[in-house]
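Undergrad: So you can see what is in the structure, the chains are spelled out below.
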Amino acid sequence: MAFNNFRILQHPVLGEKKNGKEVRIFLDGLPIHAVEGEPIAAALYAAGVRITRLSPHKKEPRGAFCMIGRCTECCMIVDGEPNVRTCRTMVRDGMRVETPRGWME
Amino acid sequence: MSLPCEQLDLLVIGAGPAGLCAAYEAAAVGCRVTIVDENDKAGGQLSKQIHRFFGSSHHGAGKRGIEIAEELFGDCLKLGVDVRLSSSVLGLFSNGEVMIDAPTQLCLVNPGAVIVATGASEKSLAFPGWTLPGVMGAGAAQTLINIHRILPGSRVLMVGSGNVGLIVSYQLLQAGAEVVGVVDTAGSISGYQVHAGRVRREGIPVYLGHRLLSARGSTGLEEVLVEAIEDGTVKRFEADVLCLAVGMSPLCDLAAMRDCRMVYEDALGGLVPWHGADMRTSQSPVYIAGDASGVEEASVAMEEGRIAGISAAEDLGSLNSGEAAERRAAIAKRLDELRAGPHSRGKLAAKERLYAR
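From first to last, the protein sequence lines are chains H and B. Under the numbering used here, read the first sequence as residues 2 to 106, first letter to last. Under the numbering used here, read the second sequence as residues 81 to 437, first letter to last.
Only chain B is shown next, with the shape it has when bound in the complex (with noise of 0.2 Å):
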């Protein structure tokens, strides 16, 4: 069987807050570009951050990461991006042509540059009954609440006290959902405060150094026990949804598909495709942007996002070398900016390890 393929600049994969931002710097500096994206709405993991963001203006700063997405979506489309939802890619083929899985047909095209920015994917934990109806990802309950506005269950524990864990408890409480407890094997929240106090002011119980020990129930979760690390204190928690805030991985195997170097960096998820600071693969012409490259934060995402949409049309003759780098370093500056914290210290430093390699 042989498939016509198609000549495309610049293919973006995945919509999501790297991949809109990398289509839009691309498209702005007159590149022609299509983004590709599995799901039926573009905007990734923005389309279901129903809270506020802080940081400065430029990271979209009091704005819902609903809202972001939407700007950045019109952005792109003002520009001509040319969108297609619902598709997926199957493969990115050592020849340059990538598979898609279009609605109504299986297309090959064949890209002058790619960028990779397809997210990451939940981790997990094994204890016993962790295969029970009921314990999930805390992405996925946010997906099911704040996207298909439909609650999973009605009394949740959730496991982990960074910031997925903090903001999706206080919005399973929004959604109507009672949620009886934060578990946390570490002694202290790793979360930021302004989360932390959110779910102190709704009165939901932190249990900091305690441990999960079981999840219990016939057809679906009934009850889960957990372990004070300390002195082996078990208390037994009636609920029917168990949220898994234990971090994320990077999806980036359409990278290592494509031979791209993938070196392992635990603080940001596991492997990764190696890359420079701008965000060049070890396979030209392939860049990665966002969680695909590390897991960090939404804002991180929309600047390395622009950064390699910076240096495919760099590669595309659409800028020239001086050009490029002056726009790469006002994004490297902001990006600092936001790496400054003492929160995003172990991912800094990761980061830098890796550009080093």
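Pulled out of the complex, with its shape left as it was, chain H reads as follows (with noise of 0.2 Å):
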């Protein structure tokens, strides 16, 4: 499976990760890897993407911040639904994830 170094695959500690079953979901229309089990935002960062949206007037980006469902900067738009939390929402193979571009003016 084609994963960038992003991954952790050896740990001195928590030893080697046991490979879960691939799937991929669809960031702005193009394919990224995910694995089973694993919220959008963690599978975004595996794949070298650290932006999840743009803020709504300057239209600046922004990133996970807290990783645990309380800062909001991580919610995109999900299979069409907008604000969704997307370190706390699993990976679903054929997920469609959109980023949000703030407001339009």
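Hints listed in this document are in silico derivations from the structure and should not be mistaken for laboratory results. There could be a bad hint or two in this list.
Stated by the list, open to error - The calculated BS3-like cross-link candidates involving lysine-lysine, where the alpha carbons are at most 27 Å apart (straight line), are:
hint: 1; chain 1: H; residue 1: LYS19; chain 2: B; residue 2: LYS143
hint: 2; chain 1: B; residue 1: LYS121; chain 2: H; residue 2: LYS19
hint: 3; chain 1: H; residue 1: LYS18; chain 2: B; residue 2: LYS121
hint: 4; chain 1: B; residue 1: LYS203; chain 2: H; residue 2: LYS59
hint: 5; chain 1: B; residue 1: LYS143; chain 2: B; residue 2: LYS121
hint: 6; chain 1: B; residue 1: LYS413; chain 2: B; residue 2: LYS143
Stated by the list, open to error - What the simulated footprint calls covered on chain H by chain B, stretch by stretch (three residues with Cβ under 8 Å from a Cβ of chain B suffice, anywhere in the stretch; the number is not a length):
hint: 7; region: 41 to 53
hint: 8; region: 61 to 73
As the list claims (entries may be wrong) - Label-pair distances were calculated between CB atoms; the ranges are:
hint: 9; chain 1: H; residue 1: GLY103; chain 2: B; residue 2: ALA436; range: 47 to 53 Å
hint: 10; chain 1: H; residue 1: GLY49; chain 2: B; residue 2: ARG296; range: 16 to 22 Å
hint: 11; chain 1: H; residue 1: THR73; chain 2: B; residue 2: MET337; range: 14 to 20 Å
hint: 12; chain 1: H; residue 1: ARG97; chain 2: B; residue 2: LEU188; range: 28 to 34 Å
hint: 13; chain 1: B; residue 1: ARG341; chain 2: H; residue 2: MET105; range: 43 to 49 Å
hint: 14; chain 1: B; residue 1: ALA436; chain 2: H; residue 2: PRO101; range: 47 to 53 Å
hint: 15; chain 1: B; residue 1: ASP416; chain 2: H; residue 2: PRO57; range: 46 to 52 Å
hint: 16; chain 1: H; residue 1: GLY38; chain 2: B; residue 2: GLU177; range: 29 to 35 Å
Note that the Cβ used here is the ideal one computed from N, Cα and C, for glycine as well.
Can you join these two chains into the complex? Each is in its own frame, and there are hints to help.
TA: Okay, structure coming up:
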């Protein structure tokens, strides 16, 4: 499975990473490899994607801050539903994730 | 719209160290206990603690947090605790009902007692560039590396030399990242010597008496500017991750919503529900335990959880008051030992002030 080096395959304490089932999600239409059981935000990090949304007015990039569902910086559009916390939502094969691009002005 | 309302005896909100211990103690004396957690696994913050704990054998010394979490969860299951994961509590209402967003539906429950053990969230700092992708809580980085096994980046600068900052720094190294430094405005390291020693042995430079000036980058973090407070010398770090380990805030909104009297204690992380040493809040039958009652260590959270479980069991009629008081006293003694060190002095004073208010 073609993963880049953001995945920690070997760990001195946790050992070797068990291979989870591979799934494919789509970020703004482009396919990304992910592993079943992991949240969308984690899968994006593994793919080297750090931008989860653009801010409403200035359209500045934002990324996940807390990873526990509190800060809402990682909210994206998932399968058409806006404001989904991607750190708390697990990947599903074929899932369509879109980057919110701020308010229309 | 009306939902059917399920009658429960004891509801514990949060399956971290405090909640699991509370559930165990209450179930051990015969209470029917339901525990809910919004995560898909039990364990809370213990699930990402891959270092060995120290202290007494009673507090899991020598074991890693992840192992303690598994044991506590297993103990709860053995006692028949009803565990509901991937379930968020949306509200505690004044009529005693609790709304839960469960995986397949919204449901309403009416428990005889509620223990709020919802933990804490990380604080942030405001500085130019603080919103750039790559600027994150140290705990968030720890979740990514130790639970999801994914690195948030390759070069990390850590802000804060408390235990979280120190532990996450060397765990990032273990995970394969480069840690370019630990920065703190304080003149001395604020975490435990054992963690500081580890960071030093790994060769991570610690910049004391330094403050964050700004974070820069176009689509994400690229560099961080830090200034020596004394002489204004500016250091520039190339980094794609800036971790903030600048303290935690208790997550006690549910208790506030239920009209528990809230009090401010800086040393405990901010606003917390008033409670006694028996973990009863101002609203019966609502109890609080762990970081939600004031941010301390996981071992403290476990003991507070046990006390809350005993108090709830007493009020539900599963323990007589003499027995409950005896059990609480034994745990209180262990809590005193945990809070005896110089690092806990401020927290202990704050807790004592709070009990007396």
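Undergrad: Which hints, by number, does the structure contradict?
TA: The structure conflicts with no hint, since it agrees with every one listed earlier.
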